[in-house]
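With my numbering, the residue at position 154 of the sequence shown is 302, and numbering never jumps.
A couple of the hints might just be wrong.
[To be verified] Distance ranges between label pairs, derived from CB positions:
(1) L186 to A298: 15 to 23 Å
(2) T232 to V257: 22 to 30 Å
(3) E285 to P156: 17 to 25 Å
(4) V257 to A302: 20 to 28 Å
(5) V316 to F287: 25 to 33 Å
(6) Q196 to L336: 24 to 32 Å
(7) S283 to D154: 14 to 22 Å
(8) A302 to P156: 36 to 44 Å
(9) V249 to A324: 47 to 55 Å
In case anyone wonders, no lab produced these hints; they're calculated from the structure.
Yeah, the Cβ is synthetic: ideal placement off N, Cα and C, and Gly gets one too.
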Amino acid sequence: MNTSLDMPQLIALAAAIGWASGVRLYLVVLLTGLVGYLGWVPLPGGLQLLAHPVVIAASGFMVFIEFFADKIPGLDSLWDVVHTAIRIPAGAALAASVFGVDHGVMAIVAALLGGSFAATAHAAKATTRAAINTSPEPFSNVGASLAEDAMVPAGLWLAVAHPFVFFVLFVLVLVASVWLIRKSWRFLKALFARVARIFSGRPDPGVVPAFQLKKNPPGDTPNV
């Protein structure tokens with residue numbers, strides 16, 4: 149790509165970087181730095197530092213570590229907890245860097261939205277993976293991790309190559325993320341409550357069916 153990015157591409161890139169930082173921060177830094185270093189995409193001034201060989205090497209090392217850590221049940225959730233304080237501010241900072249000091253107002257808006265997108269993505273990832281980890285088999289965990297590995301480069305590419313398509317899909321992803329957060333949180337909340345009852349010595353009612361037949365009064369014929 150020999151020309152600079154236009155405004156729709158910059159807005160899409162800021163949104164993509166903010167969101168993706170909540171899922172795979174180090175992969176975002178590595179991919180952004182690589183495409184800039186190789187000259188495939190003309191990086192905005194605020195992101196050109198990511199193309200430095202030292203930054204590429206450091207982020208590549210962390211991508212290697214995260215690739216395996218994120219696929220081990222239990223360790224992945226611990227990794228998410230540790231990175232709660234890293235992914236969200238980094239997503240805000242990287243999104244703001246797309247515009248830099250030359251577009252101060254846009255940079256502030258990008259920081260606010262980028263941090264919010266990173267927080268949403270991180271919350272969806274962390275709660276969903278915690279819910280998946282309650283299953284004894286490891287394959288769901290690995291599958292979810294591989295899906296996240298693929299979504300990040302796909303989202304970054306789409307933001308630059310087809311920004312308007314990205315905007316449509318991005319809205320759908322945000323809606324799905326909010327749904328996953330609510331669904332996973334309700335599941336985890338019910339699970340924690342059940343564990344608390346067990347350790348407190350109270351009887352565990354078990355799983356309550358979603359539908360229960362109404363009891364018939366004595367002498368009535370049961371409904372069929």
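Hints, verified against the model:
no.: 1; hint: L186 to A298: 15 to 23 Å; in the structure: holds, 21 Å
no.: 2; hint: T232 to V257: 22 to 30 Å; in the structure: holds, 23 Å
no.: 3; hint: E285 to P156: 17 to 25 Å; in the structure: violated, 43 Å
no.: 4; hint: V257 to A302: 20 to 28 Å; in the structure: holds, 25 Å
no.: 5; hint: V316 to F287: 25 to 33 Å; in the structure: holds, 31 Å
no.: 6; hint: Q196 to L336: 24 to 32 Å; in the structure: violated, 41 Å
no.: 7; hint: S283 to D154: 14 to 22 Å; in the structure: violated, 45 Å
no.: 8; hint: A302 to P156: 36 to 44 Å; in the structure: violated, 18 Å
no.: 9; hint: V249 to A324: 47 to 55 Å; in the structure: violated, 35 Å
Of the numbered hints stated above, those contradicted by the structure are hints 3, 6, 7, 8 and 9, listed in ascending order.
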